[in-house]
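Just need the whole structure built from these sequences, with the hints factored in.
Residue numbers for the sequence shown follow the numbering used here, so the first one is 1 and each next one is one higher.
Where hints are given, some of them may not hold.
Unchecked claim - Keeping only pairs whose Cα atoms sit at most 30 Å apart, straight-line, the calculated DSS-like set for lysine-lysine is:
1) Lys194 - Lys106
2) Lys57 - Lys106
3) Lys126 - Lys57
Claimed, not checked - If you anchor each label on the Cβ, the simulated ranges turn out as follows:
4) Ala136 - Asp171: 34 to 40 Å
5) Ser208 - Ala68: 37 to 43 Å
6) Ile214 - Ala71: 43 to 49 Å
7) Gly123 - Asp244: 37 to 43 Å
8) Gly105 - Arg129: 31 to 37 Å
9) Thr217 - Ala71: 17 to 23 Å
10) Phe220 - Asp67: 31 to 37 Å
Simulated from the structure, these hints should not be mistaken for laboratory data. In this text the structure is predicted, and so the values were computed from the model without any measurement. Cβ atoms here follow ideal geometry from the backbone N, Cα and C, with glycine treated the same way.
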Amino acid sequence: MAFTRYVALGDSFTEGVGDPDETLPNGVRGWADRVATALTAVDAQTRYANLAIRGRKLVPIVDEQIDAAVALNPDLVTIHAGGNDMLRPGVDLDAIGRVYDEAVGKLVATGATVVIFTPHDPGASKFFRPLRGRFALMAEITREIADRHDLTVVDYWRIRDYDDNRMWADDRLHMSPQGHQRMAVAVLDALGVKHDLQPLPLPESIPSGAAENIRWTREFLGPWLGRRIRGTSSGDDLAPKYPDWSVAPA
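In structure tokens, the structure reads:
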């Protein structure tokens, strides 16, 4: 299949956090950029917009990105939302699901192919494992939305490659470049798009042990908790990478 107007929506997952590239807007590449590049290899006329911003919860994603995406008249939309909501205490996932369902309906009404993602299975993560039940419920809500609207689903929950901690960045929250490449492959395969993407080599090992846990707490967990207390987000001062039609990055 060929798509020529691709819009990516969501949060840090779609913006590309964990896949650094200082030559690109916001300093990241990510799986969506990789998908856009692969689509351009199929049709050189392909244009790409990425409205995702790190730290966004589902309602702000809907409020800020859905109408903007519809206005671009895309033929392909990917959307990932709800990840930041699941990390908040007391989140009402059923309410989140209703908002998500309505938003997806607006995207489907454009006639575009819409791709949605389940959350991943955090069972292999010592830090996020206690939230596994919450992630599982959101995965099922997402599948129900997909069934209702006949969406293309990337079932992140069932991609066992992400049980390997080398697929994650050193913040333990976002995918590494290898993880982003694997996700790009999953999206293209789900769409039936021919491509030549191959897995990126994994490092033989990654840092571990007490010293690494202290570093992670100081550099990532502490600042993350601080933002929660202050009610701020890592994306507060950022704009979308590609707010209008752009050529996919090389």
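Index of numbered hints that the structure contradicts, given in increasing order: When the structure is compared with the hints, numbers 4, 9 turn out to be violated.
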